[in-house]
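Undergrad: Below are the chains, spelled out letter by letter.
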Amino acid sequence: MKIGVITFPGTLDDVDAARAARYAEAEAVPLWHADHDLRGVDAVIVPGGFSYGDYLRCGAIAKFAPVMTEVIDAAKRGMPVLGICNGFQILCEAGLLPGALLRNAGLHFVCRDQWLRVENAGTAWTTRYEPDAEILVPLKSGEGRYVADQSTVDELEAEGRVVFRYVGNNPNGSRNDIAGVTDARGRVVGLMPHPEHAIDALTGPTDDGLGMFLSVLDAVVKA
Amino acid sequence: MARVVVDVMPKQEILDPQGQAVANALPRLGFDGVTSVRQGKRFELEVDDSVDDAALAKIAETLLANTVIEDWTVRRVES
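Quick note, the sequences are listed as chains A and B, same order. The numbers in our numbering rise by one with no breaks, and the one at position 189 of the first sequence is 189. In short: position in the second sequence from 1, add 1000, done, that's our numbering.
These are calculated hints, taken from the structure and not from any lab test. Mixed in with the good hints, there may be bad ones.
To be verified - Label pairs and their calculated CB-CB ranges:
hint, chain 1, residue 1, chain 2, residue 2, range
1, B, Arg1076, A, Ala133, 51 to 61 Å
2, A, Ala201, B, Ser1036, 40 to 50 Å
3, B, Thr1062, A, Phe109, 47 to 57 Å
Glycine included, each C-beta is placed from N, C-alpha and C at the ideal position.
Next up, chain A with everything else stripped away, as it sits in the complex (with noise of 0.2 Å):
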């Protein structure tokens, strides 16, 4: 089982993905944003970070990446993505996943520990986790309000496919306190918390987070 985790220029969070592949007893693969090639991998990781400087718009250069269009073609085929905060910001706007993340409603970066509640736990990243349970794992994103125009939040919303949501405070004004999001078919997953900073306790506030990466074990030994 080998999990990517995509470098990009300026991105921070691929070597705690690694890590969190590794932790899941999966082979980590780094995968470079330049080459048109994922080297085999069954599922991919698009990292957290400031990716091309968050230039123009976050993620909106890192979506023409020659990676991304392998990524791209991949997620098509069904092959499991997941998109952690920069990285969420990137499957958006390469369309992988509907709406956009915008500045958050405070104009605060905000960094802290935040509940969520796992709303979908039948995705190929969120099996291992019971419906409706509640996971405390790190947030630290400056561009986390989740927005999509009033049908597509109706769609996601009667289809399930809000995968996490904010307990509490809502941190950034997301629509629906939205966390997280999927693809019609659940097998690309998209959240601004840092579930990879949340695998061991001697690390993170909790390992809450390191059921993301075994779930995605069990979707691949599944297809």
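Once you have looked at the hints, place chain B on chain A.
TA: Relative to chain A, chain B alone:
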């Protein structure tokens, strides 16, 4: 050669907290009467004659603007 200006603005229904922050700062500076500010982006492109209006529209909607959240206009100006 021609100069092209592309204006990109957040859609009306999208909350613009940056514009609001600017609007809220104006009274503190003594400028009253500004009831709303919305903040967007302006791009200036120098293009040769091979770039037609259809290409400019494609540039605006695929890269310069994210049409999920932003509206755009393209106009040619005297250079």
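Undergrad: If a hint holds in the structure, say so; if it does not, say that too.
TA: Hints, verified against the model:
Checked against the hint of 51 to 61 Å, the pair B:Arg1076 and A:Ala133 passes, with Cβ atoms roughly 56 Å apart. For the pair A:Ala201 and B:Ser1036, the supplied restraint of 40 to 50 Å holds, since their beta-carbon distance comes to about 48 Å. A C-beta distance of roughly 29 Å is found between B:Thr1062 and A:Phe109, which places it outside the suggested range of 47 to 57 Å.
In this structure, the one hint that does not hold is number 3.
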